[in-house]
Amino acid sequence: MYTQALDTAEAQSKPADTAAAARFQARIDAEQRIEPQDFMPEAYRRTLIRQISQHAHSEIVGMLPEGNWITRAPSLRRKAALLAKVQDEGGHGLYLYAAAETLGVARETLVDQLLAGAAKYSSIFNYPTLTWADIGAIGWLVDGAAIMNQIPLCRCSYGPYARAMIRICKEESFHQRQGFEIMLTLCRGTAAQKAMAQDALDRWWWPVLMMFGPPDAQSRHSQHSARWKIKRFSNDELRQKFLDATVPQAQFLGLTLPDPALAFDPETGHWRAGPIDWAEFEAVLAGNGPCNRERLEARRRAHDEGGWVREAARAHAEKRRAAKARAA
Amino acid sequence: MSGICEQAVGGKVGSALTLAETPLLSHVLARADDALILGHRLSEWTGHAPLLEEELALANLALDLIGQARLLYEYAGAIEGAGHGEGDFAYFRDPPQFHNLLLVEQPNGDFAMTMLRHFLYAAFADPYWRAMVVAGDATLAAIAAKAEKEMAYHLRHAAGWVIRLGDGTEESHRRLAVALDTLWPFTGEMFLADAGEAALSDAGTVIDPAALRPRWEATIARVFAEANLTRPGGEWAPSGGRAGRHSEHLGHLLATMQHLARSHPGVRW
Numbered sequence: 000m001y002t003q004a005l006d007t008a009e010a011q012s013k014p015a016d017t018a019a020a021a022r023f024q025a026r027i028d029a030e031q032r033i034e035p036q037d038f039m040p041e042a043y044r045r046t047l048i049r050q051i052s053q054h055a056h057s058e059i060v061g062m063l064p065e066g067n068w069i070t071r072a073p074s075l076r077r078k079a080a081l082l083a084k085v086q087d088e089g090g091h092g093l094y095l096y097a098a099a100e101t102l103g104v105a106r107e108t109l110v111d112q113l114l115a116g117a118a119k120y121s122s123i124f125n126y127p128t129l130t131w132a133d134i135g136a137i138g139w140l141v142d143g144a145a146i147m148n149q150i151p152l153c154r155c156s157y158g159p160y161a162r163a164m165i166r167i168c169k170e171e172s173f174h175q176r177q178g179f180e181i182m183l184t185l186c187r188g189t190a191a192q193k194a195m196a197q198d199a200l201d202r203w204w205w206p207v208l209m210m211f212g213p214p215d216a217q218s219r220h221s222q223h224s225a226r227w228k229i230k231r232f233s234n235d236e237l238r239q240k241f242l243d244a245t246v247p248q249a250q251f252l253g254l255t256l257p258d259p260a261l262a263f264d265p266e267t268g269h270w271r272a273g274p275i276d277w278a279e280f281e282a283v284l285a286g287n288g289p290c291n292r293e294r295l296e297a298r299r300r301a302h303d304e305g306g307w308v309r310e311a312a313r314a315h316a317e318k319r320r321a322a323k324a325r326a327a
Numbered sequence: 000m001s002g003i004c005e006q007a008v009g010g011k012v013g014s015a016l017t018l019a020e021t022p023l024l025s026h027v028l029a030r031a032d033d034a035l036i037l038g039h040r041l042s043e044w045t046g047h048a049p050l051l052e053e054e055l056a057l058a059n060l061a062l063d064l065i066g067q068a069r070l071l072y073e074y075a076g077a078i079e080g081a082g083h084g085e086g087d088f089a090y091f092r093d094p095p096q097f098h099n100l101l102l103v104e105q106p107n108g109d110f111a112m113t114m115l116r117h118f119l120y121a122a123f124a125d126p127y128w129r130a131m132v133v134a135g136d137a138t139l140a141a142i143a144a145k146a147e148k149e150m151a152y153h154l155r156h157a158a159g160w161v162i163r164l165g166d167g168t169e170e171s172h173r174r175l176a177v178a179l180d181t182l183w184p185f186t187g188e189m190f191l192a193d194a195g196e197a198a199l200s201d202a203g204t205v206i207d208p209a210a211l212r213p214r215w216e217a218t219i220a221r222v223f224a225e226a227n228l229t230r231p232g233g234e235w236a237p238s239g240g241r242a243g244r245h246s247e248h249l250g251h252l253l254a255t256m257q258h259l260a261r262s263h264p265g266v267r268w
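Line by line, the protein sequences are chains A and B. Counting from 1, position 25 in the first sequence corresponds to residue 24 in numbering that gives the first Met the number 0; the numbering is continuous, with no gaps. Counting from 1, position 21 in the second sequence corresponds to residue 20 in numbering that gives the first Met the number 0; the numbering is continuous, with no gaps.
In isolation and in its complexed conformation, chain B is listed as follows (with noise of 0.2 Å):
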């Protein structure tokens, strides 16, 4: 993630923090951000849900991946020594600042769009927090551990309505059959590493992500086979989320999200 310190401060307007991001901060605000912007996301469902015992499924989803946001952003502040906090990481900072991939910021949609999303990277983040338990940061380590058992909930959860909506009903499953071929393509994103990720692999510190992919592969596999759906091909692979190069659709979650916290700077709430 050399490239994202002249991004983050070519891309600083107004109260926007200025960052000296370094490949652990970068890694670990990345994380930070796949967490508590799928968490908005998922808090976006909030009274829309399509049956009560899955809004309060939903809301627990979204409390488990802020919770997870929040821990990092805290380590974030640690890392970086300049009195930052989780407030300012996820209020002052733009969107191409934000480090999360492209498929956790893509648009609920429908039902289907918004469990398949959760399953997909569910699928990644589940082995992703168990291989980070014996990795080599301490303080990551910790936080994994929490993380971990919360991903495998998730994992069982999502799956579970991949199967349901897969097998149901026609309906169901042409609607799921959208979702994939809209959210596939993110996918990729998740196994690639940076340089400076990289070199915090190799040093053991972090875990490299395509060394997760088989697992991943296998998981998708077994669910989509219950699921009757069939993993769809395709060369279209888009990313950039990581260095700060989003789709349109962040900027707009972050207007929402900052707006409150950026009209009054520096108050306490």
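Okay, chain A solo, but in the shape it has when bound (with noise of 0.2 Å):
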């Protein structure tokens, strides 16, 4: 659906104006930011469309994982804190549907790609959060991740897209440190509760790595990304950053990280990571992660369920609208 949907928009542009593309990229290459009034060649509107869109379905998304503790949070701080944490993460998908709207795409076209399953968000959400210890864990290493990948886009070229990211990141700064703290509760606690985080890390860990995408040699939208300024870093610089800042970390929370090759090599003062498994990562892309089919699901049955709301407040404005016409 989504394929088809950008197939029309492609066939309806015109033929690229070259001296117009010439001048955008010029503009780019400036560090200029492109405004949605401005030129801008048609892949590079559905590039940013795909990627913002992605986005935003992630955080959507990204609201049940978390969302399925909010009930059962041990105290009345850590319900509170999560709950205003999965309800930021409810306002980045706004924010970024909004955003999207700027490049001439309904929200609701969005929301019903990722409905249909056409649309794709984070695959890191098709993990169980199996105990509390997990809610410390997506903290942790899912914003870090997230922080990682988000802190560039802050200086995107589209600007609508730019300035959203730097609001998310400062949120997601914020829920990085809070899952951190979280973890280090748990580490500092009973045996038990040491455990359980120890328990969400080895669950976590590699799920989190594939967070930053297939390696270089594979990925297939970096080029133009790139040369567009939409993505500055690759997949591999990112997620070589997030292991460097996030090895120190674990070791300071008394964790053992679940990977036998992990190994820091000095010539180059990076840790290496043992090879990922790329072939879960592309079963959960698939729709064959552990809870792929849940979460569509979900999200299906709040909109299908919610229909009868969203009609009456329509119909309602309609009413409002015809008296005050009838009143003037």
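It is worth saying that the hints were derived from the structure and are not from the lab. Just so you know, not all the hints are guaranteed correct.
[Claimed, not checked] Straight-line Cα separation of at most 25 Å, SDA-like style, residue types lysine to any residue; simulated pairs: (1) Lys323/A / Phe223/B; (2) Lys228/A / Leu102/A; (3) Lys193/A / Asp87/B; (4) Lys119/A / Asp276/A; (5) Lys318/A / Asp87/B; (6) Lys323/A / Asn227/B.
Build the complex from these two chains, which are given one at a time in their own frames, with help from the hints.
Structure below.
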């Protein structure tokens, strides 16, 4: 469905204006922001719509695994903080959809693509949250990885996306610290709490490394994105930054990373991870992760069961408008 | 609430707190429990709301209520003077030790049920906290100053939805009418005070909830008129929540909410 919609858009676009395209690239090269009313090549627009909408979908689907623990959070402080965090994610989704709409696509269209299973969202949210420690691990690792990905996006060439990312990154940093603090509390707690933290790390570590996407050699979208200054670092570069930042944090917590091949390379000053199981990543992307079906089903159910509410709101607004018009 | 002490002690099992409740402690716990249980119910919507904007609004409402509960539990701990805090009151009491209204523990149902429940409660809590700003107890007055602003917004938000759903489509009106049938009987309990509470209001420490009834009825009448709803009659008016006699629903809610904390008593999270 997604691809069809894009094909239509492409078919309707005018033949490429090479002079305009050259001016566009010159602006990008000069680090100028592209704004919604500016000329942009159709492929640039499509790339951004795909990336921003996937990002928005990830925020919305990402509410589910963490929302899973709001009713069971073990203290009122944690309950309020988790609820506020999940609410932040909903807010991120909202303004990312708004950023995508500046590119001429309706939020409803994008949501329909998600519900039809035609749009992607971050693979990480297809893993289950089985214990409270998963809430800590998600904040620490998943939000930590998201920050690595997103900080360069604050300088993305497309203005509305870059501005959305500045706000999102501030909130994500707060979430990341909060997650680490949950892990720290568990690691300094009872043996059962520390075991809970270790188990969460064991389950989340590899899927989090996969969040940066396939190795550079296999990445399909990177070249154009780099030229357009949408993506400024490659998947592998970002993964390396994350690894170097996170290994010392795990050591500080007294936890063991589930990678027997993990080693520090004194020559380069980088940590080197063992081989990532890309077959697992491919399976999750193809819809066969532990929770893909449940996540989509939950979004569809919320959408379907909310249909009459949205319909009622529309009908009421229409009646109000009609009454106002009669009175005028 | 003189019967509550025996009730609470009698209801204690396993890791539950033992509390010696005074009328003021019971009053404060009751208000805290209303806020916590309703906030918890709203938090159950997270990720499942009918539209994204409402997802954020429901979380706001829940956060306000959980915030109110935390302040009230903190005060309850100070009144009791036994070193108990919010975590003890929220996580280590059994259902019969909770004093919340039956209304707020009713399940979410559909969006009409949730919003109507919120409207019926907010139409009471808004004037309640406004009146408490000038009541005799200084700590409650300070909490009330924050809560009354929040509940005024809750009332506007929930009333807006009651009107939208009542006036919207045939289906939304039908669903709202079902919700009204279900929830209306539970509203009477909001205006009841037991002997302990009556003594507190006589002394000017707290307000008499019965005094808020005309105000509440006026709000109901105004909003129901716009929503094309008819105020139900009916004799059945269950109560008992304030005294710890709850519906079956509260036990399930608390089983979910408390299980992790109770599985690891005494630890930090």
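Evaluation of the provided hints:
no., hint, result
1, Lys323/A / Phe223/B, "holds (20 Å)"
2, Lys228/A / Leu102/A, "holds (17 Å)"
3, Lys193/A / Asp87/B, "holds (23 Å)"
4, Lys119/A / Asp276/A, "holds (20 Å)"
5, Lys318/A / Asp87/B, "violated (50 Å)"
6, Lys323/A / Asn227/B, "holds (18 Å)"
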